[in-house]
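Asks: Each chain, letter by letter, is given below.
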Amino acid sequence: MDSIGDSIYALAVKLFPICRSITGDGFRETLRIISDELPGLTTHDVPSGTPVFDWVAPREWNIRDAYVLDPHGKKIIDFAESNLHVVGYSTPVNKKIPLSELQEHFYSLPDQPDAIPYITSYYKERWGFCLTENQRKTITEDGEYTVVIDSDLKDGHLTYGELLIPGERKEEIFFSTYICHPSMANNELSGPTVTTFLVKWLLSQKRKYSYRIIFIPETIGSLTYLSLHLDEMQRRIIAGYNVTCVGDDRCYSFLPSRKEDSLADHVALHVLKHLHPDFVRYTYLDRGSDERQYCAPGIDLPVASVMRSKYGAYPEYHTSLDNLELITPSGLQGTYEVLQKCIECIEADERLKVTVLGEPQLGKRGLYPTLSTKQTAAQVRDMMNLIAYCDGTRTLFEIAEKINVPMWDLVPIVKKLKEQNLLESID
Amino acid sequence: MDSIGDSIYALAVKLFPICRSITGDGFRETLRIISDELPGLTTHDVPSGTPVFDWVAPREWNIRDAYVLDPHGKKIIDFAESNLHVVGYSTPVNKKIPLSELQEHFYSLPDQPDAIPYITSYYKERWGFCLTENQRKTITEDGEYTVVIDSDLKDGHLTYGELLIPGERKEEIFFSTYICHPSMANNELSGPTVTTFLVKWLLSQKRKYSYRIIFIPETIGSLTYLSLHLDEMQRRIIAGYNVTCVGDDRCYSFLPSRKEDSLADHVALHVLKHLHPDFVRYTYLDRGSDERQYCAPGIDLPVASVMRSKYGAYPEYHTSLDNLELITPSGLQGTYEVLQKCIECIEADERLKVTVLGEPQLGKRGLYPTLSTKQTAAQVRDMMNLIAYCDGTRTLFEIAEKINVPMWDLVPIVKKLKEQNLLESID
Amino acid sequence: MDSIGDSIYALAVKLFPICRSITGDGFRETLRIISDELPGLTTHDVPSGTPVFDWVAPREWNIRDAYVLDPHGKKIIDFAESNLHVVGYSTPVNKKIPLSELQEHFYSLPDQPDAIPYITSYYKERWGFCLTENQRKTITEDGEYTVVIDSDLKDGHLTYGELLIPGERKEEIFFSTYICHPSMANNELSGPTVTTFLVKWLLSQKRKYSYRIIFIPETIGSLTYLSLHLDEMQRRIIAGYNVTCVGDDRCYSFLPSRKEDSLADHVALHVLKHLHPDFVRYTYLDRGSDERQYCAPGIDLPVASVMRSKYGAYPEYHTSLDNLELITPSGLQGTYEVLQKCIECIEADERLKVTVLGEPQLGKRGLYPTLSTKQTAAQVRDMMNLIAYCDGTRTLFEIAEKINVPMWDLVPIVKKLKEQNLLESID
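These protein sequence lines map, in sequence, to chains A, W and U.
With the first sequence counted from 1, adding 2 to any position gets you this note's numbering.
With the second sequence counted from 1, adding 2 to any position gets you this note's numbering.
With the third sequence counted from 1, adding 2 to any position gets you this note's numbering.
Think of the hints as simulated: they come from the structure by calculation, not from any bench.
Honestly, I wouldn't trust all of these hints.
Identical copies carry no separate label here, and so any pair may be met within one copy or between two of them.
No more than 30 Å apart at the CA atoms, straight line, and that leaves these computed lysine-lysine pairs for DSS-like [said to hold, decoys possible]:
hint, residue 1, residue 2
1, Lys-126, Lys-418
2, Lys-355, Lys-126
3, Lys-261, Lys-420
4, Lys-355, Lys-261
5, Lys-156, Lys-417
6, Lys-261, Lys-404
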């Protein structure tokens, strides 16, 4: 039987070939495939030109084909082979130019000669081709080269997907992930695929909190979504995670919210400390994704990131080497499970108070060995430590931190003590 | 001339043979001998069955004799040789049983073959014999063994001793110690004997604070005492110490109150830091004595522990090896002196304010060398540092911590500066 | 062309020979020479005997000549050669005494046989001669020695210099330096000379804050000045520095104000951390100059010290070896520049708030590269980090600390962002 990691990986494989950008048909096609997994997902279109805080929703970009022919008419660069070959948002072009002029439109990475770089130009009109440094070195023949980019950039829509899942309370836990990069795996598809399967699991759970999940283009998408929902988000969201770069197997990492002390931050650190204590801990100065918007001054949402190899921190980042070999079923599943534990901790957290003065007599309730020996003290240590700190000022999460045990080890003990009327919730 | 340590040790020797338990004649006999040293000590009886928070005062247990005869009628285990041989609170028994059945009532320690373990069963009715693993191995002969425990377990009283010593103020410093273990030395007799001599010294002192000292059975005794005096204790006690395991020579140790930041905690740490800087520092998670009740949620008294080798942290703990060879006069005296210094610090602490603006001119008051050289600056450093921080916001104790000198070095300087009207108390 | 350090050094050379004390003609002559550089400097006289908090303004001491003649009439000690030869505030004397009696008036340093010690006796009447240990060993001949000190100690004045420089605001930045030591260089002349040139620079600047600069005798001068201006100083001074020991080349050092957390403290630490990260960090317990008065309880001014080799912490301190060879133009200039940066930081500090929600679009304002590549992210990092923390709760200085860049690197970015209306001051 397939593991959950295998299922997540399979979805990434299906989405990989699509040429996504911050707008356009590739974005919508990706959303449609995800909708097959999450029928409740709704699609929203915001017209190009709509003001979005300091920005405007961009024109929509679509591309059908692109290639370069050498002076002999041979196709030496072909968009059909890799959608990374074209600079994102390239304007249409169809002409013959000499090599020297063509070179000005070439982008390659001398330090990574086997990698096609991922380059975009959303806010200035240009066109260009990306290729490996090794290939570029072979293009030396003088003569007229034919460059064709069959794209268009015109008014249309910025699209995003949204899923609202109700819980017992109106307070929300928020997940944001982006689907605006073409064929790249860790920095792109790991995020939406892990999020998709996390939501599938969530839908099967009893939920104290409501959930807000969005699939957006990075930056302009979070700005757009915020501009439409800021008030509601500020009132409701108690914890959020930006899900990106969650697919490889090399490490776990954490990047805090701007204020660094939200529930989202504390819980993620707790889970990582207990499950993967060698995780890499970044600061907000290392940020680089949508937390830049969610945590901006005046917005101030409690959004942190649990990642594997972080954007910008692994050599394949933003190149064709960030491919399906870089991510793994186990890598995807590992982050899926960490985020699951984060949700479980937030869901289970509550302020607790012991109902009796002094230590309760556990023996008469069958909670304590009746014969006192040197060994028995240690056996009930966790239960007694929990009780010792249930003073009505601390939440279960804070107690788990204080007594340095995983919160999920305490949840069944809380259940047992509540059944004995020894603990009460006081929220 | 005998040291104070010798006197404390002598009292421990006198109390050692008595068979104490959480109730009964051994407890009362111990209290009577301590009363000889502390005539003001009063004895209080609480009837069995009295509700005590989540518990009830237990029935009273007394034992007169106990032994095992082998199939030849030879006495192979004898309570008269060691009161540890009988499981505490054993129900009466008098019958012949085969070895196989007897074995189910034997308790020994395979890892410590020379030690008789200390076992109790206060809250479930059982009987049993404790013996060394080495002796147990010699009892192999089949046949009928005679087991006799001449005990009774019936309604009676839980007893405790209390001594209230008035001071200038109603605020109290609290000492609690227990006398419920049979013949064991560090974990039992070191506590009440050091406390007894500390109180004798206290009675000879001028006291700003009042003192509350109790001699109780552990756990059920502190619960019982709290249930009778909680209000008063919460209103009055500003610092307290549980006195246990204060008799050996191997180390000093400290275990904080639950909130970790009471005056009792800070002062004990200050004294240990300056007198015995290599002391072992435990956390509240390592607790195991009556601080579990005094610091429980809703009770929240500021009770910490200064110890030598802590209960559970030395190999002889709760066995016959915790005997009079384990504790020493110097070991007992060392903790006596640490607790004395704690009391002196608390008694001398007060908020102080310098009476002049700018540094006072010490020269004209004979407090400062009149000739200024490179050397003289250092000589008055402590006095000047004290003055520099007497700003009315800090107490003397806080200043001692800030300038990192033992508080007792500052007490005579404060006296001198008050005589010169340079400092005033502002409490 | 001379560096600023050369100019500061030249002033120190000019002031070096003058025999200063806490009162008297040498003090006034020093003030007069500084007035040549700072025409706005005003001179103030406080009569001897004026009460000054716990002290009184001392009598004025002047000395014209002093020497010792050996039994042959040969001048073996001569004030004209070094004004350190006479104990400061020596009473007049003119008599013949035997060597044994003369020895009681000799001061030398056995551990530093080549150094004449600097000794004073302000508050007890004495007379004495200071000499090197090596010279003292040569004075062995019995016979009558002639001792002459042509001094007088009588009612007069305690003098100080004051310069008030207005700024846009009434809040003040305070500099205090002392001119009461005879011919010594690091512990004395480095302070007033660096301060003089700092003020000359300040006078040429646009100033948000007003400035209060005083040239005083140490201790009694700061007490006197405080006793006359305390109210005003407490109301106005937001940051202050005591300028002393700022002339050698061996290290930088920092000594905090008593409360350790004033703007003066934080800014000095920031500047030193970025410019001279290996600086020596002292605590207030290491204090020894006028911060003892400025930070005394009830006075509580935010006065810290940025120094080179600190008083008491270098071997030449308070001896004839603290001479013009110990200080250097580069040593003086280094501290001058650190204090300049402190002033610039305080002047530029303000609370800032970004004017848009979400990250601003820097591209449309020409503040951001239009082509997104792996490299461009790092280039705008400082600007983005600044914007990320301009949330109206933090000042520019606090942001510089948070994002760990020198505040002076952010000042031009703030200017640019304000021009684009992306940042606003909210004080």
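Asks: For every hint, state whether the structure bears it out.
Replies: Going through the hints against the structure:
Within a single copy, Lys-126 and Lys-418 get their C-alpha atoms only as close as 62 Å, which misses the 30 Å cut-off; across copies the closest is 22 Å, which meets it. For the identical chains of this complex, Lys-355 and Lys-126 are inter-copy neighbours only, at 28 Å across copies versus 60 Å inside a copy, given an alpha-carbon limit of 30 Å. Within a single copy, Lys-261 and Lys-420 get their C-alpha atoms only as close as 34 Å, which misses the 30 Å cut-off; across copies the closest is 24 Å, which meets it. Proximity of Lys-355 to Lys-261 under the C-alpha cut-off of 30 Å is found in both arrangements, the shortest distances being 29 Å within a copy and 16 Å between copies.
With identical chains, the CA atoms of Lys-156 and Lys-417 are never at most 30 Å apart, being 58 Å at best within one copy and 36 Å at best between copies. In this homomeric assembly, Lys-261 and Lys-404 come within 30 Å of each other (Cα to Cα) both inside a single copy, at 21 Å, and across copies, at 12 Å.
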